[in-house]
Structure formats: C-alpha cells, structure tokens
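> Chain by chain, the residues:
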Amino acid sequence: MTTHFSGDTAVLTGRSLRHILRSPDTIITTAVTPVAIMILFVFVFGGAIDTGSYSYIDYMLPGILLITIASGIAYTAYRLFMDMQGGIFERFQSMPIARSSALWAHVLTSLVANTISLVIVIGVAFIMGFRTGAGVLAWLAVAGILILFTLALTWLAVIAGLSAKTVDGASAFSYPLIFLPFISSAFVPTDTMPAPVAWFAENQPVTPIVNTIRDLFAQQPVGDDIWIALAWCVGILVVAYFAAMAIYRRKIS
Amino acid sequence: MTTATAIRVQGLEKSFKDVHVLRGVDFDVAGGSIFALLGSNGAGKTTVIKILSTLLAKDAGSAEVAGFDISTQPQSVRESISLTGQFAAVDEILTGRENLVLIAQLRHLKNPAKIADGLLARFSLTEAGGRRAGTYSGGMRRRLDIAMSLIGNPPVIFLDEPTTGLDPQARLEVWQTVKELAAGGTTVLLTTQYLDEAEQLADRIAILHQGRIIVNGTLAELKQLLPAAKVEYVEKQPTLEEVFLAIVGDDNKSDGSAIERTASTDK
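Just so you know, the sequences run in chain order C and S. Sequential numbering of the first sequence, starting at 590, is according to this note's numbering. Sequential numbering of the second sequence, starting at 25, is according to this note's numbering.
No false leads were mixed into what you were given.
In silico DSS-like links for lysine-lysine, alpha-carbon gap of 25 angstroms or less:
id, chain 1, residue 1, chain 2, residue 2
1, S, K203, S, K247
2, C, K754, S, K41
3, S, K41, C, K840
4, C, K840, C, K754
Don't read these hints as lab results, they were simulated from the structure.
Just chain S, same shape as in the assembly (with noise of 0.2 angstroms):
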C-alpha cells in the first residue's frame, strides 16, 4: 500500500481560453504520503485539483488516481477519491449530523446514521451535531468538511488550502487530522500557499510555478537547493502596517502622541 503510486501525472496541460494555466505537469504520489503542491495564487494548483478529481477535463497529458485513468473511468476515480475543496463545502441549512448523512447515503453506504455519530464524536462535533453547519465557526465549519470527507474511507483525499482563513488553533486541527490520515494509510494530496503549512505535514513538497513544477522533492532535498546562508545589511524602511500601528497604538496609550503627530504632519 504504502509503495505503490496513489496519484501519477505525466504531462498535464490546460488552458482557459488564452491563458496556459498548466503547461505540463508531471509528479507522482506514493500510496499513504502527504504530497503537498506549493504555489502562489493563480499558480494552478485547484485547476491540478480540479481535473484530478474530475470535475475539469484536460487538454492533454494524461493523469491515474488510485490505477484508474481520471478521462476514461471517470466513475472509478470518483469511488476512490473524496475532495475537500477551498471554500467549506458543507450545507449550511443542514445540521452537520445531516450533513454527514447526506453525504454517506449519496456514497450507498449502510447505515447513515451510525456513520455520521461515528464521525461527530472523532472531530468532536458531537454536541454541534444537532445545530445548522451555518451557525458553526470557521474551525468547526472545516471540521465537518474533512469529516465529510472521510465518510466511506477513500483511500485518496484532495485538500485544496484547507487551512486557508482558518485561525491558528484551527489550523492546528487540521494539521493533527491530516496526520492521522496518513498514518492510517490515506494518500493526501494538499495545495496551500503557506510555507510552513508544507513544511509540517508534506512528505514531498511540489512547487508549481507558471504552469509547470520547477522542483519536487523532501524538505532535506529542497533545503539543499537554497544558497548557503550569509549575512547582508539592509536597511529597513517601516512599512505603512508599522506606522499605523505606532500612531494609533501611542494614541491609545498617552497624550504624547499628540506631540508626535502634530511633529510628523508639520514635515
């Protein structure tokens, strides 16, 4: 399990009209990893998501998840995988118990209902259970959604950012579930833009950068790529965020600041 290839990817490519979003993307995914696809906004790492999971069709390449081919058993890919997007995929009219039923039934799973306590109690949810997934706070909210996830143990997860808006208590949840996940044998496939988030759970790191991935390895591997460290001198101008920290911060503070001000608009 924890050999074979979960996710292979031999030169994936796609354009929205004019724009070359992906142009060629190659990287595969040892079973049970966490491989963590770095980029900047705009990169196109949710669009690699996307046609993974698929729910875009490619222009060319070509791209297995879990053995099976994602254009031409699209319907086996979807038994193997589950997708837990960038934005909190829940119902927010339902309850989060509702929820969790929802999606066990939609996967034809026995007993719906005994899934979705199972669930509740793991991501402590429980007592939210009965409340409208609305009501729930951003960490609660995300939560649910990776519970979601989970139901009917796909042995492939897609996390596109799923720590993104998340307070730093949250995060740290996530991170601990992520974790579990692939200690039990789960294949992870996550995007996120934070450095750290990367360096904390990925067992590879990928970074796509203009359509194409220009590194892939372990966090030693990319360590080594960097230039040894030296020490320069810089000047250091306060940015806007510091001066109006400072001004508004002595104004709470003292009268003082009056003085500064009145100095600072003179000049």
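Just chain C, with the same shape it has in the complex (with noise of 0.2 angstroms):
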C-alpha cells in the first residue's frame, strides 16, 4: 500500500506545482497584501509607533511574515477542492496509488509556494530599510519556524478544502488566521493595549513566534518564547494532521 508512496506523491507534487508555474498569480497575489500592509505600516501608522530600539520596519516584519504564510495557504485549501469538484481527485483514489499521496501533494506545494511567496515579501522589506544582523544559524531557525508554522497552517487549510460546500468557504477560513498577528505583539507592543486584549494578545500563539523571529533577527536571547512557539506549532501541526486524515478517511471510505 505505501509501496509507492514517495513515487506517487513526487509526481503529485510536480502536477500541483505546474499549476502555480502556469498561473504565478496566486505567488504574487499571497506577497502583495503582506507588502501593502508592509507599506502602510511602515510608512503611514509605524512613525507613531514607539518599538523602543527596533526601528519600525525591523519590528514588524516577522508578523508581516505570519501574514503572508495565513494568506497563501488559503490557495491550498482552494486548490484541494477545485480538484474535488472537478472529478480528478476521484479518478486519483480510484486508481492503485498510495490514497494519502493526494493529500501530502498539496501540503508540499503549499510549503514551495509559501517559501517563494515569504522571499519575495522579504526581498521588499531588505529594499524597504529592514536590516538583520542574523547568522546562518539565526536564519535557519527562522525558516524552520517559518516552516513549521507553514506546515500547522496547511493542514488547517486541508481541513477547510476537505471540507468545505462552496469555493468561498474553502477559502475564508483564513481571514481570521489574516488577522490574527493584528492582535499580537506583530505592531504594536501589547503593553499598549487593555488588559483583556492584551491577555488574549499574550497568550495566542502568533506573539511567541513573533517575539521568537524578532529576537532571531535581533541577536537578542531567545529565552522561552521559542519553546512556547514550538508547541503551538506542533500542537496545531499535529491536531490540524490527524483532524484532516481522519475527514480525509471518511471522505474517501
């Protein structure tokens, strides 16, 4: 059963990445909103942001990041049900390959998708005045974040595309992931904010990994807040994964 598993899931993959390469839009549409907000923020709101030592651009880039990854796997979940509405999906499960390989297939074109996507947003913020002391071991651990976090929301994203009735609901599942680093330590610091907001802002899983990315990119320790983002990643990872399988069962029994 898992025999081809690799084998099938590669050729899945290079089908669902020729569909990005054939309409790069959805690359560039998932990077324009983050650089747009990037804009504004840095150039409109952030001059009356206090962020203490971190210039404004350098503070908000890792929610920008957040942002970026929240939008462009919306098209994974939209991908994943045009190919159930259209039949494909069908003729794949009812052919002798490894049934999860469908699934695994757009998870890892949502992981190339969303790299190509954060590059360009991060070029944007390199020419916008964002600078990094970072080494290669800080840069690691903030693409591994990045792509942890990647993974978390993907799978959240199959959930929606496995599960959704129209296209639009297979994809606004991911406005209040959008929203989400809004209200987080991403813009502003949450010491700013009232005390129930700033509880919430606190203890949501986009202020560690901000804190996190920030602190890579700063030189600065760490301390728990990589830990703390680590768990929410896994966690999610991990409930979003066996969430989506088991729909994914009974969808396909």
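Now that you have both chains on their own, put them together as the hints suggest.
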C-alpha cells in the first residue's frame, strides 16, 4: 500500500507545482497583501508607534511574514477543493496509488509556494530598509519556525478544503488567521493594549512566534518564547494533521 | 476471458443518512461485454459505480470486480479498473499530453511519454496534445478523459454517463470507442439515462429503479416485456416550447405574426 507513496507524492506534487507555475498570480497575490500592509504600516502608521530600540520595519516584519503564510495557505484549500469538485480527485482515488499522496502533494506544494512568497516579501522588506545582523544559524532557525508554522496552517487549510461546500467557504477560513497577527505583539507592543486584549494577545500563538523571530533577527536571546512558539506550531500541526486525515478517510471510505 | 464473470454484485445496499438509495442490487457482468445500467436521475447508478470503484463503502451485500472483493482487496480492484466519472475528470491546467503522462506515471508504467503519444494519436488529439485541456471542446475533453482511462489496459472500465452533455457528433465518437474497447476484450459497465445509448451499445441492459434492479436482460428480452403495440388517438395540446417557437419563428419571418400575436393576447 505504501510502496509507491514517495513516487506518487512526487508525481502529484509535480502536477500541482505546474499549476502554480502556470498561474503565478497566486504567488504574487499572496505576496501583494502583506507588502501593502507593510508599506502602510512602515510609512503611514509606523512613525506614531513606539517600538523602543527597533526600527519599525525590523519590529513588524515577523508579523508580516505570518500574514503572508496565512494568506498563502488559502490557495491550498482552494486547490484541494477544486480538485475534489472537478472529479480528478476521484480518478486518483480509483487508481492503485498510495491514497494519502493526493493530500501530501498539496501540502508540499503549499510549502514551496509559501517559501517563494516569503522570499519575495523579505526581499521587499530589505529594499524598504529592513536590516539584520542575523547569522546563518539564526536564519536557519527563522526558516525552521516559518516552515513549521506553514505546515501547521496548511493542514488546517486541508481541513477547510476537504470540508468546504463552496469555493468561497474553502478560502474564507483564512481571514481570521490573517487577522490574528493584528491582535498580537506583531505591530504594537502588547503593553499599550487594554488588559483583556493584552491578555489575549499575549496568550495566542502569534505573539511567541513573532517575538522569537524578532529576537533571532535582532540577535537577542530568545528565552522561553521559542519553546512556546514551537509548542503552538507542533500542537496545531498534530491536531490539524489527525483531524484532516480523519476527515479524509471518511471522505474516501 | 469472454465467458468469465468480470463483475458480480449481490445484495448491494447503501444509504445516505435516511435515504435508502440501494436496497439490494444484484447483477453479473460477463467478461468482455458491455453492460448498461439504466435509470432516471437519482436512481443510484452513480452510487453503484462509486462502490464498485472503491470510492464509497457499501452498507451490505458483496461485490467482486475482476475476481477481487471490493472490501477486502480494494487495491487489487483499483489495479484492474478505471473510472470515467460523470464529469470529465481531466486536469484543465495541464495539457492533454501532460494529463496522459500523469496517469501513466501514477500507474507506474514504463515510458509514459510514449504511451501518451500513442493515445493522442489513437484519439485524434495529437494536434491538441500541447494545449491546455481547459481549452478543449466537450467532445475532445471526453475523448481525453476516456484515453486517460485506457492507460495500463485495465480489464474493467466504468463509464458513468459518458455522453451526458455531448453534442451528437461527439456522442457517436464515444460510442465508437466503447464498441472498440469491448471488441478488444475489455469489460465495460456504463450508466446512462438515454435509452437509445443502451440500445446502441449494450449486450445486456439492467434497469435500476427505486434501489433495485427491476429488469435485466438483452435488448430483445427487454422488448418482449413490453405490451404489444396498439393504436390510440390522443389529443395533442401544444407545449409551451412549441408555442414559444411558433411565436419567435413567425416573428423572424414576416409581420403577419403581429396580427396573430395581438389576436392571441386578446383572448
């Protein structure tokens, strides 16, 4: 049953990567919104926000990266939904392939597409004045956290794609995720918020992830935040993965 | 090959929530024959196909495809079948050729490119092979769909309403392909709501109605079930469609219709 898993996953990943190559607008759209928010905050609001020793773009880039991922994974839900609508999914499922390959292909494609979008956004940030003295290890740590976060959200997107009834439904689930960074330490320090909001901001997954990436970029010690960040990412990943697999099995049984 | 039973279905039942779609379906399909499952919309034809192609679990009963039990040996069943669903299951963003290569790769065959080119030629798609399948006409898309189903020469092919939505020309092409398949020894189970399609193609015809097979036989056997022809006089009221066509048609030709129209609205 699993003998062809890697081969089939590779073939199907090649297929959906080809989809992305033929409609690169999905990657560009994914990058445009975060870049627009970045421009808005850095050149309009940023001057009024006190971020202490950080330049504002250095302060808010981690949050922008998370927004990029949150908007990127909406396309995974969309692509999965379209496959199921079009009947090609049933064709795959009626063939002698490793059945979970069809899902893994979309997950790997999401990883590639989001990585490209993230590179674009970071490139624009550099043009806009983002600076970091981070070494190779710190960059690798940032990449690792971003990949983990992408995987976690992608499996959430798989759930949405599998269970959505309409195209709009398949991608609408990502809106709250895109908004989550706004109620975190991503754009303003949490101590400026009213107590209940600050409590929420400090105890939701985005804040420790943002703080960790920010510290890594600024070559500061990351403290406990990195463990909380990893716990959130792995926790969401595991729960979403098993939930997605359970829904998938019920769908194809 | 032609005498062995390719598909055996016994007491198949399936419910969706409280709707009892299949209430004990039985039929056998001989190897190398064309078997048509006839029924109105919602009769459960697609459900039968989905269960036999291992996409849906049955509630009760048993079924074998190419000698393999669909519940206990689903992977062997999938090795032996191919499914052409109700809606052409082609990847619209890939080219026709890439679609074929993709399926050949997923069937783990050697030389997918050669297989793809062979099928493109066989289905007169060589010229269109480099274009995205999304640009194809309905008939071309269906041909590509069926070509994809033939990759790996599966002994059993399921065609779920293969000609729904096709123009008459494309329909004839699909019929021709199905006949060639059966001539080559492939077992074809097709569903249709068109009586003439079953009449044209099938060696045996079964009618699925209210969750059961109510009739199963050759075309000649089915015709014997009909009461003898008799002549009756029935007053024929014009349908709304005829009224519509009469008005619109007259309008285009002459202005005599204006009188007719006012006459009819006065009534």
